[in-house]
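Chain Z is already provided as a structure; the job is to place chain S on it using the hints.
First to last, the sequence lines map onto chains Z and S.
Quick note on this note's numbering: the first sequence kicks off at -12 and runs consecutively.
Quick note on this note's numbering: the second sequence kicks off at 2 and runs consecutively.
Hints are supplied without guarantee of correctness; some may be wrong.
Partner residues aside, some chain S positions facing chain Z, computed with beta carbon under 8 Å [what the hints assert, rightly or not]:
(1) Phe19
(2) Met23
(3) Lys24
Keep in mind the hints are simulated off the structure, nothing from the lab.
As the structure is a computational prediction, the values presented were derived from the model and not from experiment.
Glycine is no exception: its CB is placed at the ideal position from the N, C-alpha and C atoms.
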Amino acid sequence: MALANILQFVEIEKRTSIIEVSSETRGNGVFYFHMGVLYDASYGDLKGEAAALEMISWDNVQIQFTPIPHLNMDRQISSELASLILKGVKSSGRRNDGRDAIESAILKQEINDWSTNEMERDDDFNIDEDSAITGESKDHYGDSILIHKEKEDDMDVQKLNEAIEIEKRDLGEGLLATDIFSSSDGQSVAGYNTNPQACALFNKITGDLSDSLVGSGFPGLGRYYILDLVDGKMVVVIPLGDYQWGMLIDTKKVQLGLLLNVVMPKMINAFEEAITG
Amino acid sequence: MGEKLEKIFDIITQKAGFEGRMKFATRTGISRTKASKVRDTDELVRKFLTVAKEVLGRDISDLL
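Okay, chain Z solo, but in the shape it has when bound:
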């Protein structure tokens, strides 16, 4: 596998890691990622973007991941990983290596460009219909997509809290507790009556459940799973990839149909806005 593919995996998985790369012919280098964002790189005397560009098109490398909880350094690389991959591979003149990653990077760029152009071109487009950005102009909306491209791996905390507020408002007293937690470490990133133990344990349950389904030869986990608890309570967990959304519900105060068919779609839309910026 080409190094570019591996780095994109780290980006998508939002890992915080030090990645040591070793090539028989080119030597050793290091990439530093924080929450999937490439912060820095070093290769010989080269640092930052220059080092990343030099290494990014390598293939047939040995890689050592060292996950760390926090990366205590300032970001030295301002360019997006996709942009660096394109530049790196072009400069190396070896376009066939890491082709999947390159095509993926190009595709994402093209989709963003296209959607931005289409929105700007559409005379009927009314930005006020979008409650998430009410009051912003069409041009400003175009800008928001560009901003997204610069910060694509940052979770929008404000929108995440808005998603929690939607859940609280729509479920009212029926919502006893809720957390959005990271699938990588089971830590809550937003919540109400937050329960760190539940986050860690249900993170494990989701993993075990997925493994059990795979091991049984069953279809994979779908949109959510529900645990029916005594005393009229239930737990609902929604796997969302890098994150999961868990909630403890009082079924005497909230109808399941209302939760699944009315509230949950709104919650998911709000969460999606948070991850796409």
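Frame of chain Z; chain S shown alone:
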């Protein structure tokens, strides 16, 4: 507007849950809400289908 793009989101959710949908949204950088406001051009639909194929591991153009 954006009917085909929304349909692609729905198919991905059906086939891969919200996890697949979030992966798709992250890769395209477009949420379902935003997709509903974009015109269904052939080019954009084709690009969405390409990302959908990456996420699902299969072509879904026959389901549109």
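Hint by hint, here is what the structure shows:
The restraint placing phenylalanine 19 of chain S at the interface with chain Z holds, with a minimum CB-CB distance near 5 Å, inside the 8 Å limit. With a cut of 8 Å, the hint placing methionine 23 of chain S at the interface with chain Z holds, because the nearest CB-to-CB distance is about 4 Å. With 8 Å as the threshold, the beta carbon of lysine 24 of chain S comes within range of chain Z, its nearest partner Cβ sitting at about 5 Å, so the hint holds.
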